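Okay, here's what each chain looks like letter by letter:
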Amino acid sequence: MKRSEERWLIILFLAPTTLFMLLLLWAPFLQGMWMSLHRWPFMGEPVWLGLRNYTDFLGAAYFWDAIEATLIYSLSTLFQLAVALVAALALRQPFVRFKALWRGIMIISYAMPPVVVGAIWLFLLDPGLGMITHYLMAFGIIEQPIYWFAENTWAKWMITLVASWTFWPFMFLIILSALQAIPQSRYELAEIYGANLWQRFVVVTLPAIRNAILVVVILRLAFNLAKIEQPFTLTGGGPGYETSVLSILMYRFAFMSGDFGMAFTVGMFLVVMTAALILPFAWLFQRQVGRA
Amino acid sequence: MTDDRSSPGQKALGHGGLALVLALVLIPYVYVIVTAFKPAEEIYDATWLPQRISFDAWIEVFEVNRFHLYLWNSLVAGAGSAALAILIAVPGAYIFARKEFRFREPFFYMIVGTLIFPFILLIVPITITWIRIGLFDTFIGLWLAFQIFAVPYSMWILRGYFAGLPKNLEEAAMVYGCTQFQAFYRVMLPLAKPVIVSVLFLAFLQGWSDFLFSNMLTTGDGPRTASVAIYASTAGGERVDWQVLMVMTLLTGVPPVVLYMLAQKHLAKTFAAT
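So the sequences go chain by chain: A and B. Here my numbering is used: position 214 in the first sequence is 217, and no number is missing along the way. Here my numbering is used: position 97 in the second sequence is 99, and no number is missing along the way.
Quick caveat, the hints were computed from the structure, so don't treat them as lab data. Treat the hints loosely; a few may be bogus.
Here are the simulated DSS-like pairs of lysine-lysine, each with C-alpha atoms no more than 30 Å apart in a straight line [what the hints assert, rightly or not]:
#1 B/Lys13 <-> A/Lys102
#2 B/Lys101 <-> A/Lys102
#3 B/Lys271 <-> B/Lys13
Using C-beta positions, here's what the derived DEER-type ranges look like [as the list claims (entries may be wrong)]:
#4 A/Ile70 <-> B/Phe64: 43 to 51 Å
#5 A/Pro49 <-> B/Ala174: 52 to 60 Å
#6 B/Ala174 <-> A/Gln291: 35 to 43 Å
#7 A/Pro49 <-> B/Ala270: 45 to 53 Å
#8 A/Arg290 <-> B/Ala165: 24 to 32 Å
#9 B/Gln53 <-> A/Ala184: 45 to 53 Å
#10 B/Gly18 <-> A/Ser180: 17 to 25 Å
#11 B/Ser8 <-> A/Leu81: 25 to 33 Å
#12 A/Leu164 <-> B/Ile142: 37 to 45 Å
#13 A/Gln291 <-> B/Ala270: 23 to 31 Å
#14 B/Thr221 <-> A/Gly241: 17 to 25 Å
#15 B/Thr221 <-> A/Phe98: 50 to 58 Å
#16 B/Ala270 <-> A/Val205: 27 to 35 Å
On a predicted model such as this, the values are computed, not experimentally measured, just so you know. Cβ atoms here follow ideal geometry from the backbone N, Cα and C, with glycine treated the same way.
Could you build the full structure based on these sequences and the hints that come with them?
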């Protein structure tokens, strides 16, 4: 019984969604692809280049810098997972009190705007007056202040650590809710069979949260590669191109050099790289779900 | 719920892990708060207790930096974006959840799939287009651009919620003489109020926090938001006034945190239902 009234409702209600999809997702995407075939300055006339932006980028000295920075930065996902697991497992224990309070504190860094967190770490890691440098020197771990964001070896790891510090609560919240769904009786049963703490983790906990872990890894891999507020605040992609994660490089071309054609070209590489990094985990997830 | 049969080793691990994570999170913030109340001459001492408490930086932030204007811009940017996201996502999600039509699933995933798409690359064409059609440096331009990330997850959450409501609600309402539209407006919409509030909240915070789009799409003369102002004061090249910067971070960072804490229970409840 598909009455015309219902049809009209569907059309009317889907209109905003359709407009959104066409005008804000697909049209800009196609326009961007068109732009990537041009030298397209911020103001002024575009010039047709064909695939020159793509070949230029592949041949550029900074191409491998950017790929390396992107790979290291994506390790942030792993660090986030480690902290999230520790926090979620601790909060799951029946003997821990004030759970709501601790959970509230733990999501502070995720709730704050990323640029705010970036500015805070810019201060804490400042070589002249930052707390971190101060204590590292006071304890004799380092002798000279380290310019964390200006030295090639440090910069890409520092932005990765700061991003990890900011974004782990996202994983934490999802893993925690998966943990909370495990009935306590399963742990008791495992204990009756003589399983120790580690065995209980492997036999009971891990299988129950495996899917949740895969989901958050997939989501965070994608998000982390696009969420570049703090690294951009901390290093701006430098020194040189050392911390130019693909999305930062894209932003640099657009925001700093005003080279919009090249910016979107880099963006296309970001799409490919995101997909490549996600694919193995998506495949694992598919297999898991298929088996269940 | 007390369970004292946990072994001492398990307790030590649990409490140790908890303490470690809390220290990792809290120590930096405590230091930021201390710094915001330090007098300028003490900034180089990495002390935890300033000799005297100073409000100079707080006064400077409002009187010199006029930071309240940027905060206001963030508020308007976030609120407008949240309202627009609801207008787009609620009707769409309702249809996707409860009506049958051809290509429904592919259509839905074409929108929600963008959740894992690196949407920041769309900033490139959008900047150029906004300049061309006069939306550059306007609130409307920001609101529209923010939809790129607000709509997909709003749609996802709302559809899940609508789909979970009892099957025959609309039909029952129509038996009582409602039209299709009234069934949505009088029955479904009130039922969805809690989840709509959650989505408004998330979309607002996303707009409030955004940097990448706002930085690209506004200038110092337009609706520059607090995040962009913070970035601008670190990237100017001149010496950074750290106390002032820390006050700015607190003013911009604390409201979302407070909102999150207040909303925690409500969010957990609505997301448990989807």
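Status of each hint after checking the structure:
1. B/Lys13 <-> A/Lys102: Holds. B/Lys13 to A/Lys102 sits at ~15 Å (cutoff 30 Å).
2. B/Lys101 <-> A/Lys102: 41 Å, violated
3. B/Lys271 <-> B/Lys13: 29 Å, holds
4. A/Ile70 <-> B/Phe64: 43 to 51 Å: 45 Å, holds
5. A/Pro49 <-> B/Ala174: 52 to 60 Å: 58 Å, holds
6. B/Ala174 <-> A/Gln291: 35 to 43 Å: At roughly 39 Å between Cβ atoms, A/Gln291 and B/Ala174 fall inside 35 to 43 Å, so the hint holds.
7. A/Pro49 <-> B/Ala270: 45 to 53 Å: 50 Å, holds
8. A/Arg290 <-> B/Ala165: 24 to 32 Å: 26 Å, holds
9. B/Gln53 <-> A/Ala184: 45 to 53 Å: 52 Å, holds
10. B/Gly18 <-> A/Ser180: 17 to 25 Å: 23 Å, holds
11. B/Ser8 <-> A/Leu81: 25 to 33 Å: 29 Å, holds
12. A/Leu164 <-> B/Ile142: 37 to 45 Å: The hint (37 to 45 Å, Cβ to Cβ) holds, given that A/Leu164 and B/Ile142 are roughly 38 Å apart.
13. A/Gln291 <-> B/Ala270: 23 to 31 Å: Since A/Gln291 and B/Ala270 have Cβ atoms about 25 Å apart, the given range 23 to 31 Å holds.
14. B/Thr221 <-> A/Gly241: 17 to 25 Å: 24 Å, holds
15. B/Thr221 <-> A/Phe98: 50 to 58 Å: With Cβ atoms ~55 Å apart, the hint holds.
16. B/Ala270 <-> A/Val205: 27 to 35 Å: Given about 28 Å between the Cβ atoms, the range holds.
The structure does not agree with numbered hint 2 stated previously, though it agrees with all others.
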